[in-house]
Amino acid sequence: MGSSANIPVVELLALLILLQSFLFCCSGTNFHGSCINIERETLLRFKSSLANSSNTLTSWVGDNCCRWEGVSCDNTTGHVVELDLFMRGLEGKVSLHLGNLSNLQHLELGSNGLAIDTLYFPSSLKYLDLEGVPLNKCANWLQSINMLPSLLELYLSFCELSITGHVSHVNLTSLEVLNLRGNNFNSTIPSWLFNITNLQHLDLSYSAFRGSLSTQIGNIPKTLNKLCNLSELHLETNKFSGEISGPFGNSSSCIHNSLQHLYLSNNSFSGSLPNNLGEFKRLKVLQLSHNFFCGSIPVSIGHLCNLQTLNFSQNSLHGEVTELHLSKLGALSELVMSGNSLVFDIDAKWIPPFQLYWIDLSSCKLGPRFPQWLKTQKRIVYLVMSNASISDSIPDWFENISSTIEGLDLSYNQLFGSLPNLRKVDTLGDRFISLKFNKFVSLANFHTDAGILDLSNNLLHGQIPRNISKMMPRLQFLSLSNNYLNGTIPASLCRIISFNILILSRNRLSGRIPSCLGNLGDLTVIDLSYNMLSGHVPMSLGSQHFLASLHLQNNNLQGKIPMSLRNLVYLEALDLSMNAFDGFIPWWIGESLSALKMLSLHSNKFEGEIPLQLCHLASLRILNLANNMMTGTVPTCFGNFTAISTHENNGIWDYHSYALDGSFEGDVYGENVQVYVKGIELEYTRTLRFLYSIDLSGNNFVGEIPQELMNLSGLQNLNLSTNKLDGHIPWNIGKLSSLESLDLSENELSGSIPFSISDLNFLSHLNLSFNHLSGRIPKGNQLQTLDDKSIYIGNDGFCGPPLNNCSDDADELPKGHEKGGTTRKDDSEMVWFYSGMGMGFAAGFVGVCSILYFNDSWRCAWFGLVDRVYNKFWVTIAIKANQVKRKFLRNKLEGNA
Numbered sequence: 001m002g003s004s005a006n007i008p009v010v011e012l013l014a015l016l017i018l019l020q021s022f023l024f025c026c027s028g029t030n031f032h033g034s035c036i037n038i039e040r041e042t043l044l045r046f047k048s049s050l051a052n053s054s055n056t057l058t059s060w061v062g063d064n065c066c067r068w069e070g071v072s073c074d075n076t077t078g079h080v081v082e083l084d085l086f087m088r089g090l091e092g093k094v095s096l097h098l099g100n101l102s103n104l105q106h107l108e109l110g111s112n113g114l115a116i117d118t119l120y121f122p123s124s125l126k127y128l129d130l131e132g133v134p135l136n137k138c139a140n141w142l143q144s145i146n147m148l149p150s151l152l153e154l155y156l157s158f159c160e161l162s163i164t165g166h167v168s169h170v171n172l173t174s175l176e177v178l179n180l181r182g183n184n185f186n187s188t189i190p191s192w193l194f195n196i197t198n199l200q201h202l203d204l205s206y207s208a209f210r211g212s213l214s215t216q217i218g219n220i221p222k223t224l225n226k227l228c229n230l231s232e233l234h235l236e237t238n239k240f241s242g243e244i245s246g247p248f249g250n251s252s253s254c255i256h257n258s259l260q261h262l263y264l265s266n267n268s269f270s271g272s273l274p275n276n277l278g279e280f281k282r283l284k285v286l287q288l289s290h291n292f293f294c295g296s297i298p299v300s301i302g303h304l305c306n307l308q309t310l311n312f313s314q315n316s317l318h319g320e321v322t323e324l325h326l327s328k329l330g331a332l333s334e335l336v337m338s339g340n341s342l343v344f345d346i347d348a349k350w351i352p353p354f355q356l357y358w359i360d361l362s363s364c365k366l367g368p369r370f371p372q373w374l375k376t377q378k379r380i381v382y383l384v385m386s387n388a389s390i391s392d393s394i395p396d397w398f399e400n401i402s403s404t405i406e407g408l409d410l411s412y413n414q415l416f417g418s419l420p421n422l423r424k425v426d427t428l429g430d431r432f433i434s435l436k437f438n439k440f441v442s443l444a445n446f447h448t449d450a451g452i453l454d455l456s457n458n459l460l461h462g463q464i465p466r467n468i469s470k471m472m473p474r475l476q477f478l479s480l481s482n483n484y485l486n487g488t489i490p491a492s493l494c495r496i497i498s499f500n501i502l503i504l505s506r507n508r509l510s511g512r513i514p515s516c517l518g519n520l521g522d523l524t525v526i527d528l529s530y531n532m533l534s535g536h537v538p539m540s541l542g543s544q545h546f547l548a549s550l551h552l553q554n555n556n557l558q559g560k561i562p563m564s565l566r567n568l569v570y571l572e573a574l575d576l577s578m579n580a581f582d583g584f585i586p587w588w589i590g591e592s593l594s595a596l597k598m599l600s601l602h603s604n605k606f607e608g609e610i611p612l613q614l615c616h617l618a619s620l621r622i623l624n625l626a627n628n629m630m631t632g633t634v635p636t637c638f639g640n641f642t643a644i645s646t647h648e649n650n651g652i653w654d655y656h657s658y659a660l661d662g663s664f665e666g667d668v669y670g671e672n673v674q675v676y677v678k679g680i681e682l683e684y685t686r687t688l689r690f691l692y693s694i695d696l697s698g699n700n701f702v703g704e705i706p707q708e709l710m711n712l713s714g715l716q717n718l719n720l721s722t723n724k725l726d727g728h729i730p731w732n733i734g735k736l737s738s739l740e741s742l743d744l745s746e747n748e749l750s751g752s753i754p755f756s757i758s759d760l761n762f763l764s765h766l767n768l769s770f771n772h773l774s775g776r777i778p779k780g781n782q783l784q785t786l787d788d789k790s791i792y793i794g795n796d797g798f799c800g801p802p803l804n805n806c807s808d809d810a811d812e813l814p815k816g817h818e819k820g821g822t823t824r825k826d827d828s829e830m831v832w833f834y835s836g837m838g839m840g841f842a843a844g845f846v847g848v849c850s851i852l853y854f855n856d857s858w859r860c861a862w863f864g865l866v867d868r869v870y871n872k873f874w875v876t877i878a879i880k881a882n883q884v885k886r887k888f889l890r891n892k893l894e895g896n897a
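The sequence shown begins at 1 in this note's numbering and counts up by one.
Honestly, the hints are just simulated from the structure, not real lab data.
Virtual Cβ for every residue (Gly too), placed ideally from N, Cα, C.
Errors might be hidden in some of the hints.
[Said to hold, decoys possible] Here are the computed lysine-lysine pairs in the DSSO-like style, where the Cα-Cα straight-line distance is at most 27 Å: (1) Lys-349 / Lys-328; (2) Lys-735 / Lys-779; (3) Lys-137 / Lys-93; (4) Lys-284 / Lys-239; (5) Lys-678 / Lys-724; (6) Lys-424 / Lys-375; (7) Lys-284 / Lys-378; (8) Lys-137 / Lys-126; (9) Lys-378 / Lys-328; (10) Lys-378 / Lys-349; (11) Lys-560 / Lys-605; (12) Lys-605 / Lys-735; (13) Lys-439 / Lys-424; (14) Lys-735 / Lys-678; (15) Lys-789 / Lys-779; (16) Lys-365 / Lys-378; (17) Lys-226 / Lys-137; (18) Lys-328 / Lys-281; (19) Lys-349 / Lys-375; (20) Lys-226 / Lys-281; (21) Lys-605 / Lys-678; (22) Lys-126 / Lys-47; (23) Lys-378 / Lys-424.
[As the list claims (entries may be wrong)] Between beta-carbon pairs, the in silico distance windows are: (24) Trp-350 / Thr-646: 53 to 61 Å; (25) Cys-516 / Asn-486: 14 to 22 Å; (26) Gly-559 / Asn-519: 19 to 27 Å; (27) Glu-323 / Gly-679: 52 to 60 Å; (28) Val-569 / Ala-348: 56 to 64 Å; (29) Gln-414 / Asn-486: 18 to 26 Å; (30) Leu-612 / Asp-787: 39 to 47 Å; (31) Val-569 / Gly-608: 19 to 27 Å; (32) Thr-646 / Thr-173: 51 to 59 Å; (33) Trp-350 / Ser-510: 49 to 57 Å.
Kindly produce the complete structure, drawing on both the sequences and the hints.
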């Protein structure tokens, strides 16, 4: 009783002190008093250096900076220890003087709009992140950072650094993480880096480092063997070359016991894979893709029981892959071997120890049977086995493993039978299915929740299902091209409101184009070409405001181009060729469709003149109006096609590119066009982006070939054949420096071939037949390789190789080829100079001879010498005169007179 009154005074005092300490510590977190004054001033100076500082960091007011946004203080002392301003929208060019924050340990300024020209940090700093902050003006960046002995993690990715710098002594002895990703060093790995012996994570990817690892870090005792704590090494997407057997093939290297993640993809490494890769017992990720490794895969790979990702794709590996390579990889979840010549020799009854979610074995030989070991895989998300030599039907058990598959690519095989039954997948994304280039025969009863479906180049027969909108309700992309489908296009397609790309080309579809397609406002590509569609183009197609590509060629369509199409302001490709369209080419094409890069209207019934408004199509690179009934002249303003004259290569030619988790990419729809070039009809797809062509052949155009066309220096194909063009071939045709194919046949051209045509160094096809041309065929350069006589047939008076030899008269300049019709005085006077010199020399020579003739001893010796000198002199005179004459003719024809 009364024990509370008997508490010793000492214990009471101790209790009071403990309570006071507790209250002090608790108050440190919210620090009610003012923070350290000098540190607050430092932060305010930093804020004031920002652009629009009044609109940023609005919480930075008042005395207690520990309450400010992104600022953290020590609970006890009140010193600022952390400044985290990652992704706050900060802008401005600042000098980063933070030395007064003497206890700062964590600084994060990455992913802002800052530009820093000077760095000065407190030595207490342990974590520094300047990701995406340009430091290209900061020459002292390495020296400033080297003065941070306590630094543990350093992130300088995408900082526009171009020099690695040099330090005589490395103070970064505590550094564990170094990230220099995404810079442009363009050098070998700096030697000072290997003195940071505590490194655990090193990222030098995407930074243009070069050299051979075998010579740089292959000297194990001095370099790589120092990094005994290294667990993650990123060297991908650089310029490294040579073998890796030096640094990673040495069994004495201590990194065998530490390395867990190794990324060497996208370089130029070569040689065989090290046989001792299986000694990296802790390895979880091994990525060696997109290099030049050759030989077989070492069996020791099968010992990496911790391996989760194995990626050897896009190399030159060959040989067999058996159960021995895979039987102990129980942790494996990603297996990527695509783009090699590997043969999978796996027993049909083998049960793998792993459960894969990513499988990409395209271009490996997996067939002829469908791989049976896949039956055990219950969590596949992406399955890619294209071009895998499989000649089989898809087994029934495939439906059981399909519910998790978001991406399926079995294209370029010999799969037959029914299309696979796929269970619905519960995913927020769009399921991708590519079964193109196989032998499937029917679309009936094929239900799928795919957003992207490619069944092109199969043997599909019958009609497109009337209820396709119920069978495939989530479609954004559908390609059924190159099959044998017949019947009409079902109107139910118009109820799939998510449609983005519709490709039904190269089938046997008939009937009219459904007008309800105009209700699908998100369509960017419509390709209905090479069918038997008839009737008019629906006016409703003009409602497709985002349409970029419209292909209706090779059908039975007729009538006029509907004026509603002028609303397609984003249209880049319009192909209405090989139909029965008539009337005039609409003038509004040039006024409204300013984004056009390709316009193909050939093989229709268009008449009248070319509307001059077409000259406004500055982006146009391919124009084909051939085989119509058009009249008038070739517009001189065609020389205004800017994209052709400047070799412009802007814009999108492949639409709706997809990516599966950022790792599997491909172009779903590639733009295409048929062009008559080099005497044959060619289809351009992948190389279309490099084509510049004008084809006006097979019409009734009259007049001369405009000189202005010669400004189109990027033009590769020019076909003006089968018209009624007259006059001369432009004297400066040599300005078409990129021309590969030139066809001017079956016109009424006259005169000779300009000498400048020999300047066309890329010319591989020429046809000048059936005109009224004459004179000598020019020689030189690429023209010498065109020795087919038929390209000159049907003209009046050609001579020279590859035809008959020319007479002396054939060298004369044809009338009308003089530029401006004037004569260059110095050239004509030079010809007469040489002729006069010859006659003067002859007269003097006769005089001397008459004197010497009467001396017998002189006469015999002299005339022997004279005979040789006389012949040599006149041969020299003839050569010189002929050279002058040729120079004179060339100057006249090339416009230098």
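Are there hints from earlier that the structure breaks, and if so, what are their numbers?
12, 17
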